[in-house]
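Participant: Chains A and B, in that order, are what the protein sequence lines are.
Per this note's numbering, the very first residue in the first sequence carries number 1; after that it's consecutive.
Per this note's numbering, the very first residue in the second sequence carries number 1; after that it's consecutive.
It is worth saying that the hints were derived from the structure and are not from the lab.
Check each hint, because a few of them may be wrong.
Here are the simulated lysine-lysine pairs, DSSO-like style, with alpha carbons at most 27 Å apart [unchecked claim]: (1) A:LYS106 - A:LYS170; (2) A:LYS379 - B:LYS145; (3) B:LYS178 - A:LYS390; (4) A:LYS328 - B:LYS142; (5) A:LYS178 - B:LYS150; (6) B:LYS379 - A:LYS178; (7) A:LYS379 - B:LYS390; (8) B:LYS178 - A:LYS145; (9) A:LYS379 - B:LYS150; (10) A:LYS178 - B:LYS390; (11) B:LYS142 - A:LYS142; (12) A:LYS343 - A:LYS390; (13) A:LYS142 - B:LYS379; (14) A:LYS225 - A:LYS90; (15) B:LYS145 - A:LYS390.
Number of protein chains: 2
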Amino acid sequence: MQTSQQQSEFIDRRGFVQTAGLLSVAGMTGQSVFNAQAAEGRKDAEDSASKLIVHGKFPMNAEPHLSDLVESWLTPVEHFYIRSHAPVPKIDVKKFRLSIEGLVDKPFEISLDELAQEFKQASTIATMCCAGNRRIEHHHVKPVKGVLWKEGPLGNAKWGGVKLSDLLKKAGLRENAKHVWFEGSDIMRRGSVTYPFGASIPIEKALLDTDSTPGALVVTHMNDKPLEPDHGYPLRTVVPGYIGARSVKWLGKIVVSDRPSPNHYVATAYKLVEDGDDLEWAEKGPIYRLPINSAICTPSHDATVKAGTVRVTGYALPPGRAATTIAKVEISTNGGRSWIKAKLTSPAREYCWQLWSAEVSATAATKQLIVRATDSNGKTQPQRVDWNAKGYMFNAWHSVGVNVKS
Amino acid sequence: MQTSQQQSEFIDRRGFVQTAGLLSVAGMTGQSVFNAQAAEGRKDAEDSASKLIVHGKFPMNAEPHLSDLVESWLTPVEHFYIRSHAPVPKIDVKKFRLSIEGLVDKPFEISLDELAQEFKQASTIATMCCAGNRRIEHHHVKPVKGVLWKEGPLGNAKWGGVKLSDLLKKAGLRENAKHVWFEGSDIMRRGSVTYPFGASIPIEKALLDTDSTPGALVVTHMNDKPLEPDHGYPLRTVVPGYIGARSVKWLGKIVVSDRPSPNHYVATAYKLVEDGDDLEWAEKGPIYRLPINSAICTPSHDATVKAGTVRVTGYALPPGRAATTIAKVEISTNGGRSWIKAKLTSPAREYCWQLWSAEVSATAATKQLIVRATDSNGKTQPQRVDWNAKGYMFNAWHSVGVNVKS
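Using the sequences provided together with the hints, build the complete structure.
Facilitator: Printed below as a string of structure tokens:
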């Protein structure tokens with residue numbers, strides 16, 4: 001467990017803040033900024049947290065209010081969920097080197113300046129979403145451990161940096177390269193054992209490069225600004241379409257391997273298990289792709305609304321499958337017996353959510369609004385999903401109760 | 001592709017048969033029986049095939065008629081499905097040695113005689129079931145490749161041999177032992193490339209040993225008789241609760257490893273994929289546990305039955321989860337609006353199917369009979385299942401059309 005003493009390491013004196021504020025990752029030079037940006041970011045995150053629902057501060061885990069979330073297709077950082085497994089690490093960006101190693105011909109280390117100068121800049125828009133989105137709904141079926149996320153741990157951003165595939169090409173992949181591991185600079189502590197957060201993705205994903213979306217980016221910028229500490233400053237991966245846990249913050253090392261990472265968060269977490277015994281953990285593979293999902297953001301749960309026409313808004317997320325978008329969002333006011341089509345109000349892009357709105361007719365008999373989405377391959381959100389011990393991937397029809405007043 | 005010339009290797013002269021017939025695996029001594037039992041077995045299989053629906057002879061793939069299958073809880077070999085990926089291999093049982101190697105302190109090779117003499121005999125009853133059971137129902141949604149199995153590729157047998165865990169204990173597992181690979185003596189050919197059929201299971205499964213069921217057996221006997229060639233003579237693995245593909249026939253080698261087998265049938269087959277592209281294959285883990293399932297065996301599809309009371313029979317298979325049995329089997333004559341409880345007519349054992357029968361009332365309006373099963377953890381077969389490219393794990397409610405005549 002984190003203590004407030006540990007946490008205090010990350011709340012440094014404000015004297016650093018002016019300095020840190022002047023830096024941009026793409027062009028950082030000169031001064032020693034050990035922990036300065038982290039300190040700035042901690043302050044920023046605390047400011048942001050005032051606009052978020054905070055589940056825990058040590059480490060920081062927080063999600064936006066749904067009425068904020070649904071305001072814009074590109075999510076501003078202040079409304080962007082924060083998912084951390086450990087405190088923001090102290091990184092001396094001047095000394096920092098990203099390491100690329102493993103099954104490559106020419107392993108190398110690279111500074112942030114070199115990264116910005118030697119590689120072509122690339123950007124993409126993609127929705128980051130926690131595998132535990134809507135965990136609370138699994139929890140209501142049967143208790144699960146973990147942060148009890150509601151419908152808010154996701155956000156859509158423009159991510160800027162360099163293509164992972166460009167780094168791998170420079171290193172030169174060996175023939176048996178099958179998975180790419182990411183290792184963070186953050187440190188988990190379990191008793192006396194410490195280890196970094198880690199992830200891995202199949203080489204096919206790492207090398208994917210469609211017209212609109214690279215398979216994965218090594219990212220320095222979020223919505224055209226340097227990453228904030230809580231979002232991985234100075235460097236993170238972004239893997240469009242995959243659960244957020246595969247997009248590793250505070251990236252320090254990339255390892256090419258013939259197998260998935262043995263890191264705890266690949267080998268023994270982020271799996272769909274029911275029993276939760278060692279055998280079932282060993283049987284199950286890591287989860288990667290996000291499932292299709294949707295949620296009603298307004299009205300909020302158990303809101304009182306006036307009888308007559310009610311405006312309903314929310315988001316719909318296509319599954320993490322190439323070239324797949326949301327085709328249809330439907331609302332039901334009668335428990336799913338009939339459905340009204342919502343209007344999609346934002347761009348349709350693979351790996352990106354879409355916002356929607358609908359006008360539905362509510363009477364005193366209306367107790368609940370339900371949403372379900374269908375993707376461009378004709379696949380619809382399921383009505384129910386199986387419970388799993390870690391509460392991942394909840395993507396059944398979403399509903400909110402309403403009190404209709406005449 | 002197999003040719004009839006290749007196949008002719010396995011149809012040897014009958015002169016061998018008397019000799020082969022005298023052998024028992026547990027006590028084989030003396031004469032050279034190169035291929036004799038295989039030849040005998042080929043003849044046996046062809047005899048058996050007369051009682052099976054043959055999907056292909058080269059290699060042999062066949063399933064029983066459902067009216068035969070449902071006749072007894074322990075399935076006689078003549079009604080037991082045959083699933084082969086390659087022709088029955090020629091094995092000289094006198095020279096044969098099973099090899100145990102990999103992450104063990106004392107790798108060893110062992111003859112069949114030694115296996116029978118040095119290890120405690122063990123047996124268990126378990127239902128073997130192909131991952132492709134009911135593939136035809138996926139195929140009707142959207143075509144899939146592979147043998148178009150109906151509801152028959154499963155059977156319940158008593159398996160005798162030695163515990164895999166005893167072999168592993170003798171070899172001495174190293175600390176990083178995490179998976180156990182099985183390699184068959186059969187040879188797949190893809191163009192100029194050849195490789196054996198293979199599988200692997202997590203070490204936790206290999207070492208499992210409940211009161212009623214060992215985690216896995218290395219088997220010489222089926223229903224108290226030596227294995228027939230089509231069922232893996234002289235040696236196979238049986239992994240209760242797992243898809244049939246993990247129970248490797250003609251077992252030649254056991255390898256202890258820190259990861260799942262790289263064999264084609266673990267690394268790039270027997271996975272649930274939708275797109276079927278390289279990325280999705282890489283993302284998905286191997287399938288192991290059988291899902292809950294059930295089927296109506298009589299009346300047969302589109303049978304004509306007399307109005308009034310109709311007797312319905314079939315099987316129900318619990319999921320491949322320890323200590324889990326079938327709790328309830330239900331029949332609907334009205335599309336699932338209401339259900340009638342069937343009577344379970346055979347023993348309830350983990351990893352074993354149960355047979356059931358029900359008397360339902362049929363009228364001219366009855367067009368279809370539906371069955372669904374619920375396990376002892378309260379989990380019911382789903383009404384629908386997602387299609388997958390290889391047509392595995394079909395376990396939705398099962399139905400047969402009926403023509404009711406007054």
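Participant: So, for every hint listed, does it hold in this structure?
Facilitator: These are the hints, each one checked on the structure:
With a C-alpha separation of about 8 Å, the suggested pair A:LYS106 and A:LYS170 falls inside the 27 Å cut-off, and the hint holds. Taking the CA atoms of A:LYS379 and B:LYS145, the gap is near 22 Å; set against the 27 Å cutoff, the hint holds. Between B:LYS178 and A:LYS390, the direct Cα distance comes to roughly 22 Å. Compliance with the 27 Å bound is thereby established for this hinted pair. Annotation: proposed proximity of A:LYS328 to B:LYS142 holds, straight-line Cα distance about 22 Å (limit 27 Å).
Restraint check for A:LYS178 and B:LYS150: the C-alpha separation of about 36 Å exceeds 27 Å, so the hint is violated. At roughly 37 Å between alpha-carbon atoms, B:LYS379 and A:LYS178 are farther apart than 27 Å, so this suggested pair is violated. At roughly 18 Å between alpha-carbon atoms, A:LYS379 and B:LYS390 fall within 27 Å of each other, so this suggested pair holds. Between B:LYS178 and A:LYS145, the direct Cα distance comes to roughly 26 Å. Compliance with the 27 Å bound is thereby established for this hinted pair.
Between the alpha carbons of A:LYS379 and B:LYS150 the distance comes to roughly 26 Å, so the proposed pair stays at or under 27 Å and holds. A threshold of 27 Å between alpha carbons decides the hint, and for A:LYS178 with B:LYS390 the separation of about 22 Å falls inside it, so the pair holds. For the proposed pair B:LYS142 and A:LYS142, the alpha carbon gap of about 36 Å is over 27 Å, so the pair is violated. A C-alpha spacing of about 34 Å is found between A:LYS343 and A:LYS390, which places the hinted pair above 27 Å, so the restraint is violated.
Note on A:LYS142 and B:LYS379: the hinted pairing holds, with a Cα-Cα distance of about 14 Å set against a maximum of 27 Å. About 20 Å separates the Cα atoms of A:LYS225 and A:LYS90, which keeps this hinted pair within 27 Å; it holds. Restraint check for B:LYS145 and A:LYS390: not satisfied, since their Cα atoms lie roughly 34 Å apart, outside the 27 Å limit.
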